[in-house]
Amino acid sequence: MHGQSTTPRRQFLADVGMGFTGLALSAMLHRDGVVRGDEQGAWTPPTGVPHFAPKAKSVIWLFMIGGTSHMESFDPKPELNKYAGEEIGNTPHKDVLEAKFLDDNLRVVVPNDANGHIRHKLYPLQVGFQKRGKSGIEISDWWPHLGECVDDMAIVRSMWTTDNNHGAQYQFHTGRHSLEGEFPTIGAWAHYGLGSLNDNLPQFVVMGTPIADCCGGVRGHGASYLGPAHNGVELNVDPQNPLPFAAPGGDVYREEQRGQFELLNQLNRTAAVEYPEDQASLARIKSYELAYRMQSAVPDVVRFSEETQETQQLYGLDQKETKDFGEQCLAATRLVERGVRFVQIFHGSNGGAGAWDAHSNLQKGHAKLCGQTDKPIAGLIKDLKRRGLLEETLIVWATEFGRTPGTQNSNGRDHHPFGFSVWLAGGGIKGGIAHGATDAIGFHAIDNRHYVTDVHATVLHQLGLDPRRLVVPGRKRLEIDFGRPIQDIIA
Amino acid sequence: MMRGQSLIVHSLLLPTAVMLCVAGGTACADENGDAARPVDFARDVKPILAAHCAQCHGALRQRGGLRLDAGSLALKGGDSGEVIAPGSADDSILVEYIRPDGDEPPLMPPAGEGTPLEEEELAVVTAWINQGARVPATEEIPPDPRLHWSFQPVERPLVPEIDGKPVSGNPIDAFILAKHKELQLAARPETDKATLLRRVYLDLIGLPPTREELHAFLADESPSAYETVVDRLLASPHYGERWGRHWMDVWRYSDWAGYRAEVRESQPHIWRWRDWIIESLNADKPYDQMVREMLAGDEIAPSDPDTLRATGYLVRNWYKFNRNVWLEATVEHTSKAFLGITMNCAKCHDHMYDPILQRDYYQFRAIFEPHQVRTDQVPGQLNTEKDGLVHVFDQDLEADTFLFRRGNEKHPDKDNPLTAAVPASLAPVSLQVQPVKLAPREYYPGLRDYVEEGNLNYARAALRNAEAELKKLTDQLTAATQTAKAEEAQQPPPETLPSPLAMAAAAKRVAYELLQLQSVQARIAADRARYADPPAENAEALAQAAAAAEREANVAKAQWEVAKAESALQTAKDAEKPDDDKTKQAVTKAQTDLDKANKDLETAVAAREKTDGGYSPFGEVYPAHSTGRRLALARWITHRDNPLAARVAVNHIWLRHFGSALVPSVFDFGLNGKPPTHPELLDWLAVELMDHGWSMKHIHRLIITSRAYRMSSTVGDATGNLAVDPDNTYLWRMNARRLEAESVRDALLYVCGKLDMTAGAPEIDQPDGQTNLRRRVYFRSGKEKQMLYLELFDQANVNDCYRRNESIVPQQALAMVNSPLSLSQGRVLANTLTTATGEPSAPESTENFITAAFEQILCRTPSDEERATCTEFLRKQSELLAAPGELTRFDSGPEVKTKPSQDPALRARENLVQVLLNHNDFFTIR
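Protein sequences, first through last, are from chains A and B. Going by my numbering, the first sequence opens with residue 1, and the numbers climb by one from there. Going by my numbering, the second sequence opens with residue 1, and the numbers climb by one from there.
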């Protein structure tokens, strides 16, 4: 097997030597078998170059698990107070019960479930609200810090989805109902389309406890048919244990391991002389170099001691209730600062449907959860702005569905796929606008209705990607999968 | 009206026409909206019409007699005349139909049957017509899709001759060589023996050769040395594990998945299907038989538990929440896996490319409509949660299938129930459905000997337990009485004595269990008489006796419940305290329970008056027939005249030997798939498979002994080939491949001497993958239940994996470098090799150690340069490790049980072994 090489050894070693200038790693990493040699020419995977001029480089995707009440957050509805306790059918808003959306806009998984029904008895708002910022957009009093940032935010009040249960979490990330199978998530698409800005870090990072198995599990940040190279990588904010297999444990010396990496590199390069055409061998040599650097680069991201006291406080790191989520937000800032493409932060995991799932005790529960997230998210916006990163970082705040205008269990609200709110900020998004609307009691999205893939389309658009050009042969995508960018909120 | 409107459209189109100019750079329009540079029909227009119109106006279907898949045909028009007025788009009916009417969507394509043209596309079509609707003089008319190559009969092609002479040896090489001649490619020579040995080992059994096997092979100079190895490997039980995993990819093996303990997808105990796959492959069970057993094992051999396992193939699609999702997966993957047909594309509308109507999709579904999943008891375990034989059967023989309009389950076409059928255009044979009559033991598992025995044993054990409890209470009473007598003292303290009510309850329990045992015996006797062929004469009498015995037992049971409730009430009353609400509530509850028990007793007593022969069966009695639809499908698929099954099968085998497939779109042999690179070879292999009794081992042996398979994977001096065939489509060299996820882990453990080779049995929890050392194929694999370590290496996606990915990412490197598995195994192997080659202190042992490590891990000897590099490393690393005071430990990571050696020289060897386990040549099949 030796001695068949025709490439002069010295020349070859120079080619694979430091710098690796001639080889586009991202292309090699993408060479992952979805496309094979024998199919090349007909189709090639994305090169990492945007399809058109991007407005944003990175995305921070904040997802509230369980379903945040839109009416008590970003879409206050005083009519609920006016008709509190009355049956919808007895109010002037009874038309909502006849709307065609009720059938079209719903795909039930478990027909006789206890949850996921229309609740008829209107439930008053559980918190006050007021006009905020110069734009005067109304936001509830559970989000006082975020209220200060409203002039940087574009609130979309006219979202709809179809799953009346928490499979909607999976749906929000893939655009497909859980009954329809396996599909890539938005983070995976972004990673697939754009690849890397910093080779020392994973490019699609997931923080917080992800969606539970009930509602999508790891598929909620998975790449499905795009291949596991595009799965989100779970990152802990603990510098001791930031990544799976990040370090070998205390039995091993750093110098010892360094010696091993050096030997491996040398042996692989010696052997590679025999296989100058073997791109995979070259890619693997490079991947070990990256892995070695990742071992130190990843813990560096979560070394918050490098940040000032004031910055830490901005994210609420000094307070017990905001510390966990605040650390994840601060880590997100430090990740995008280092060029990571897509950071997905989950809030509210409880191993099941999610903490935001306020079937009862909405007031107590939402007050607490907003308290955990309000300041860190506001801190994130403010800090990115002053670091000059907000312009190129798109923040998306989302949840799988809203909650019913009517009451459930006397002091809660049920799942509500017919109308709910999300918001976006930074990354070329207009600030201080509220786009779209639900009806007077927050039941149906009626103006500028948007399915969840419109959010995906907006994200990809801001990143300079055309989802139609990312389609993988043999993997049919439907028209609705692509969505349409929400043009009204794009600056 | 048309005209006025078209003006608006025109002005709207202006900017897009300009855009077209920029984007395409080909068809440019001037400011009048007419193209200055001509629109080219073939390049610009045809793709648009193909995407939006040709589905209904193409070669397969011609709605309204109109075809739009060729320019000349488009100009010809349809049943009602021409649709294009060359030179005037506004006068063209075609444009009228495809243009939006104000805010209204265009008439064509009809809603739900396609997407309307984008503005730019409309502009192109309009411009083309306005420019005169020119079409190329020579234009290929798309042929009837029924004539597509893969739908034609498979016939054995002649083996090509090279330069007019037959090629000696393996016919595969003749086909490969013929292409080489045609393209002037120079084939690479046979690879060296060590590389070939490692290649064929990993390929056939998923494990590398041992050093001894390497040495023996290198020393064997007989001409049949290689064939001997191939035969041995094909006979190895590990062949089934390796290739079983491949077929588990294609057939979508999945252990149960769900939320916590709730099963939502697939089923527990489906591991029996996995064992069936592995055993069948090892036995070289014919492929056609395997397909038939997977689809219809319950109709082929309903009384054979070994065969029933095979239907795990269908069980795997079980889905808790939605029957349509379940059947959709069944239809989609049955057609993809066995036929290479994307039937799923016809769920919402007629297939866009293949001759499959939407109606065909639902008729195919009708084949599966009656089937359901059940878990039968297995000998020795009546609790099906703990173990069981899970398989399919036909439950609802009359189940209707309806076409869902636009694929929407909310809109079934209930006026037109569909019969089971297969798409007529795919094969010249049709479905021959014959209902299958089942024997009583097959449709009523309660009759089986081990179930009867189990039920009797259960009743006997219950009786023994009841008797033991009564004896215990009696003994307590006797002992207490005797103690009291002996001490001649006061009465024994009442709380140590069983209460008379508890004694009474225990006695009632014995009475009940005795009657229950008798009832079981009577019901078994009645069952046997009733299901005998012909039924026994005394069947009715035995049934009445069984029913009576059961009613007696029910009364006794109710009496026991009353006695227990009375005893509980007394206990509650004894514990009642006036100031404790809890104790008062307990009394109330006990009273309620007693009332209910008394009521139940009344009911049971009343029921005893009945005289009919209705008694309870032991478990479910299922339908006595199966529709035979699935068996008919399986026979149709594996029929000699079905053009697809054998082609698809050999293509899957070829892919896994060469790393590239003859038909690259392995699950799509339809019109939208890729054509074969070697059509004659594909057909020749397909016929060879069928003519050799569908023996897969025969195909393996043919492929593996071909010169093509034995070629070197290097380019070497054949650089001229790179210009002609850079992607090695025509196999002028072997493809180097990365080990699959399972083999990475299995091979790592195997070379370190620690792989546990136990075969079969229930799946192992997937988190144990770092500590349990069995082969990966025996671990749980489900939607959310994956081994992270292996997922990083592109483990099969359980939902759909007709072909593995081969990614290379840094996380794989981290897992290989830092996981406890790699760390500990490297340490183990270094010590084993040191034992074999001598302590580091012995001067010559270093060289032996390095050689042994290369041979053991990479199956080759080191080059001089590698040897020198490693020797230097061992020296430097020993020195480094000899001064631990100057080193920094990692401050985090997992606890690894196997610790590094205290001896710096030995530890350096451990380091070397760990490095070789991360070597490119370890991951690569060259």
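Treat the hints as calculated values from the structure; they're not laboratory data. Every residue, glycine too, gets a C-beta built ideally from N, C-alpha and C. Check before you lean on any hint, since a few could be wrong.
Some but not every residue of chain B turned toward chain A, in silico, with C-beta under 8 Å [as the list claims (entries may be wrong)]:
hint: 1; residue: A736
hint: 2; residue: V817
hint: 3; residue: T835
Capping the alpha-carbon separation at 25 Å, the derived lysine to aspartate or glutamate pairs in DMTMM-like fashion look like this [unchecked claim]:
hint: 4; chain 1: A; residue 1: K55; chain 2: A; residue 2: D324
hint: 5; chain 1: A; residue 1: K323; chain 2: B; residue 2: D891
hint: 6; chain 1: A; residue 1: K100; chain 2: B; residue 2: D891
hint: 7; chain 1: A; residue 1: K476; chain 2: B; residue 2: E118
hint: 8; chain 1: B; residue 1: K897; chain 2: A; residue 2: D113
hint: 9; chain 1: B; residue 1: K674; chain 2: A; residue 2: E182
hint: 10; chain 1: B; residue 1: K410; chain 2: A; residue 2: E180
hint: 11; chain 1: B; residue 1: K899; chain 2: A; residue 2: D466
hint: 12; chain 1: A; residue 1: K476; chain 2: B; residue 2: D101
hint: 13; chain 1: B; residue 1: K785; chain 2: A; residue 2: E182
hint: 14; chain 1: B; residue 1: K347; chain 2: A; residue 2: D251
hint: 15; chain 1: B; residue 1: K410; chain 2: A; residue 2: D113
Numbers of the earlier hints that this structure fails to satisfy, in rising order = As far as the earlier hints go, 3, 4, 6, 8, 11, 12, 14 are violated by this structure, in ascending order.
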